[in-house]
Amino acid sequence: MDRAEKTALTLAVALMAFFAGLIVYAAKALNIDVPTCITDVKPFTEGKVIQHAPNRYELHYLAKMWYFEPAEVEIPAGSVVDIYLTSGDVIHGFQIDNTNVNLMAVPGTVAYARYKFDKPGVYHIVCHEYCGIGHQDMAAKIVVK
Amino acid sequence: MKVDKTIRNILVAEIVFPIVLLVFGIYHGLMQVLYRAGVIKDMSVAGIEYYQGLTLHGVINAIVFTTIIIVALGNIVFLYYLKKPLRPAVQWLSLILMFGGTLMAAWAMFTGKANVLYTFYPPLIAHWTFYLGAALLIVGSIVPLFFDWLPNYIAWKRENPGQKVPLAVYGMFVNHIMWVIMVVPVVIEVLFQLLPLSLGLVQEINPSLARTLFWAFGHPVVYFWLLPAYVMLYTVLPKIVTGEGKLYSDGAARLVFILFLILSFPVGLHHQFTEPGITNNYKLIHALFTLGVAVPSMITAFTVAASLEYSIKAKYPETKDSYLYWLAKIPYISLEGNRWLVSYFMAGLFLFFVGGITGIINASYNMNQVVHNTSFVPGHFHTTVGGLVTLVFLGMSLYFLSQLTGKEIRFKGLAVLAPWLWWQGMLIFEYAMSVAGFHGFPRRTNTGISYLNPESPLYRPEWVGYAELSVFAGVLIVVGFVFWAISFFGTLLSPATKEADLEIPTAEAYHDEKMPALQKLAPWVVFSSLLFLVSYIPALYDVTKRGVFFDSPGYNDKNPVPITKPKSAKEDKNEKAELR
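Chains as they are written, first to last, in the working numbering: chain S, 1 to 145; chain E, 1001 to 1580.
Keep in mind that a hint or two might mislead.
[Said to hold, decoys possible] With a Cα cut of at most 20 Å, we get these calculated SDA-like pairs of lysine to any residue:
{"id": "1", "chain 1": "E", "residue 1": "K1558", "chain 2": "S", "residue 2": "K116"}
{"id": "2", "chain 1": "E", "residue 1": "K1164", "chain 2": "S", "residue 2": "M1"}
{"id": "3", "chain 1": "E", "residue 1": "K1083", "chain 2": "E", "residue 2": "P1161"}
{"id": "4", "chain 1": "S", "residue 1": "K119", "chain 2": "E", "residue 2": "V1370"}
{"id": "5", "chain 1": "E", "residue 1": "K1558", "chain 2": "E", "residue 2": "G1200"}
{"id": "6", "chain 1": "S", "residue 1": "K116", "chain 2": "E", "residue 2": "K1164"}
{"id": "7", "chain 1": "S", "residue 1": "K6", "chain 2": "E", "residue 2": "G1200"}
{"id": "8", "chain 1": "S", "residue 1": "K64", "chain 2": "E", "residue 2": "K1558"}
{"id": "9", "chain 1": "S", "residue 1": "K116", "chain 2": "E", "residue 2": "V1370"}
{"id": "10", "chain 1": "S", "residue 1": "K64", "chain 2": "E", "residue 2": "P1562"}
Just so you know, the hints here were simulated from the structure itself, not pulled from any lab data.
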């Protein structure tokens, strides 16, 4: 290997190591993490809205061919929401628009995310994993007031 | 070199058959953008439903076309460089298995019995012929490795002691060994999970396990598509760019193949970042390995650029002291000799640059939350497998068709313009899909009848512009493909003008180091397989024992009611889960 090649190789490794460092820093120090493995919540068979305190909610989303339960939720601005998601049949997806909440609904498992809804508005949720012929109509929303 | 007639016919069939199917695959690609933008506001066109067309688009373009063309390229490379005949019996067996399997799966897809997309995630279940067909295609693609390439490789080594095998052989050989390793998990998934459920032998399936096994295959497979394109970038491109160009470094190229052999496997979990059921740190480890596998691609970028610069500067002394001016001397559009192929390589490389960057974004763990399952993802892989890989395969298919049949390439002008139309279209497509993805535009969705339909309550006007832009891009890409197809079928249907004569332009190495550690493949293969296994043990534990509460019955795409009977055992398991 000549000098130019060695330089290129070093730069490539250094750049990727830098990216790796940023990812680990974001995940471990800033707690910007991906949905984790939930082993203490059993998959549920109905959707639920549970209010623990004025600004503290727990949403249980059940994804089924081809709807989400609950389909529409209203919460006050500034609410901290724990979102649990499971599927009643096949694989579904779950993304809340303009947030980093991006989950998969896999039967037999429960996905989890926490989000603080600061800005009032309508937050659309779409199913983003193919789940059969009605997939394109599978949506829900959270209205933040 | 002269090629035996039987083998020649088999090779031509292995090129023409997948390309005839590709015509359907590309048609359904065009239909995708039309449906999604709402140009077509319907569930089906000409008897083919949206998700059925999407399955055809994915399976034909990404699985069938790539696999069969790679087998053809491997056969040609081994035949040409080792100068040892291929065995007709082996080749016939491979061809029959691959074509038979493909036709079986095609029947299931065309009759709407397999609307499961090319990732076939259970509990959605297809007709058993779909899975068995795919398995036969895979088995057929492996046959030449064990019964033709490996014996020829060993014989060549024995006859040429101490010599390095030609670089192209080295690359195709490593690539196919990777293929054998990566198909193990998907074959396990098909044989032990999907086929039994599809045949009704079992009633339930663990979807998380199936997904994990699928992605243990599903990411390495992208390198299986990519490496043959790299082989051509290393051997053919530097030679044809000036006619006497050289490869900058043979050692660096071999190092790249070994790095892919090691790093292609412990990466599949980066497709499952958002998934419940798998511990985050295992996902993070796979994310870091994925950044590692970017390194050999960056070395390739350097070596290819250095080879081009060296070759151009050697040919045109006036560019000797230039930093960038030499780039202007690359024959981007030229009809002279073999230079028409340069346009395929250069257009592909420019697309792959974008694909590399978006790929790193996808793999970047927490950043993936923003783009997972949005249109950003198809935007990305249309510039990689739909960019460099497809363009190199189309270019080389046309080249080898002409060589193996002794027919002059017809409509060469169209063939030179085709990759640039493809490039421009794909670049616009990637832009539209990526930016729409940031706004949450989902992938794999018939958005035209819901989200992009002004009359629907689900209407999302912010996505309209991007979807319309992707229609424009899709049309450009298809025009590019039609240009190529006119040249390809024009050549195929024209009379032979000379005797068939196989010749692969091959660049010599400028730096040609021995690198003995890279010449023995067996230790690397063992190491790579072990790393693969070790990297998946924790994830497999999670999806079988720790994070999954119960299995699921099978469903078809039309009905929310299970098609298999869930056993009462499910209740027991539920109770067990409660007790935990």
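Hints, one by one, checked against the model:
1. E/K1558 to S/K116: 37 Å, violated
2. E/K1164 to S/M1: Holds - the C-alpha atoms of S/M1 and E/K1164 are around 17 Å apart, at most 20 Å.
3. E/K1083 to E/P1161: Since the Cα atoms of E/K1083 and E/P1161 sit roughly 16 Å apart, the hinted pair holds (cutoff 20 Å).
4. S/K119 to E/V1370: Cα-Cα ~18 Å, so holds.
5. E/K1558 to E/G1200: 18 Å, holds
6. S/K116 to E/K1164: With Cα atoms ~61 Å apart, S/K116 and E/K1164 exceed 20 Å; violated.
7. S/K6 to E/G1200: 57 Å, violated
8. S/K64 to E/K1558: Distance of about 13 Å is within 20 Å: holds.
9. S/K116 to E/V1370: Measuring from Cα to Cα gives roughly 16 Å; hence the hint holds.
10. S/K64 to E/P1562: Within the cut-off at roughly 12 Å; holds.
The structure fails to meet hints 1, 6, 7 from the earlier list, while all remaining hints are met.
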